[in-house]
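2 protein chains.
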Amino acid sequence: MSDNSDNSSPAPRLRIRIIFSDETRLGPGKADLLERIRDTGSIAAAGRTMSMSYKRAWSLVEEMNSAYRTPLVTSTRGGTKGGGARLTEAGEEILEHYRALEDITVDKGAVQIEQIRAMLKDGPGKK
Amino acid sequence: MSDNSDNSSPAPRLRIRIIFSDETRLGPGKADLLERIRDTGSIAAAGRTMSMSYKRAWSLVEEMNSAYRTPLVTSTRGGTKGGGARLTEAGEEILEHYRALEDITVDKGAVQIEQIRAMLKDGPGKK
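The listed protein sequences derive, respectively, from chains A and B. Just so we're aligned, residue 78 is where the first sequence starts under my numbering, counting upward by one. Just so we're aligned, residue 78 is where the second sequence starts under my numbering, counting upward by one.
Since the hints were made in silico from the structure, they are not lab data. Among the clues, some could well be false.
For chains that are exact copies, the list does not tell them apart, and a pair is met inside one copy or across any two.
Straight line, CA to CA, 30 Å or less: simulated DSSO-like cross-link-like pairs of lysine-lysine [to be verified]:
id: 1; residue 1: LYS185; residue 2: LYS107
id: 2; residue 1: LYS132; residue 2: LYS198
id: 3; residue 1: LYS132; residue 2: LYS185
id: 4; residue 1: LYS107; residue 2: LYS198
Given the sequences, and given the hints that come with them, work out the whole structure.
Right under this line is the structure:
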């Protein structure tokens with residue numbers, strides 16, 4: 078969608094939430110948390126980069142770990158450095174599938190997104 | 078995704094939000110509101126079906142009307158029946174594009190959604 082060189086507005090971003098049931102959902106918050114746990118090796122540090130409290134980050138991890146057949150995150154709690162955490166193979170897979178879904182929507186839905194954007198006052202057609 | 082006849086859990090639903098800028102977004106709330114205005118002919122009635130206050134529904138309509146080059150909803154305010162409302166051609170088009178984006182994601186992303194779902198404890202693989 079950056080093929081319009083006249084267009085200085087940034088590309089639209091998507092936030093996708095999959096609702097499996099009333100209790101079981103996967104959206105951008107959990108996906109970003111998984112990604113940042115992978116990158117930082119710490120649930121607390123991952124939460125901080127998202128301005129998320131330690132308690133909230135832990136709560137989301139516990140929610141994910143109990144929703145899936147295999148935990149998505151393993152962690153050692155406590156210790157002087159606050160423990161470490163990493164994604165399990167299942168955690169890596171879930172993150173990968175979710176990011177792929179985002180990429181597919183941006184790619185296959187590009188026409189629809191652009192049609193909506195073109196109707197905005199600050200859309201790409203405005204000079 | 079209903080090709081697995083052993084599977085009694087309902088099909089996952091998606092909620093997609095397109096973020097054009099910090100101020101300009103289109104997500105399931107506005108799309109549903111447009112759809113219900115189209116179906117009920119009234120902003121107040123549309124809001125009620127979504128448990129949304131009259132004030133909130135009006136505020137979303139005004140936000141949409143000012144974000145797009147052409148208003149999405151026209152309305153006659155007040156009167157004994159509380160006025161009427163309908164979608165403009167632009168409103169119909171935005172709603173159509175948004176629903177098409179949802180359909181494309183469900184269709185083209187079916188594999189990814191199913192891969193995530195299959196890893197859930199209450200996913201389709203569970204007997």
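Hints versus structure:
1. LYS185 with LYS107: Both: 24 Å inside a copy, 22 Å across copies.
2. LYS132 with LYS198: between (41 Å within a copy, 24 Å between copies)
3. LYS132 with LYS185: neither (37 Å within a copy, 36 Å between copies)
4. LYS107 with LYS198: between (33 Å within a copy, 17 Å between copies)
In this structure, the one hint that does not hold is number 3.
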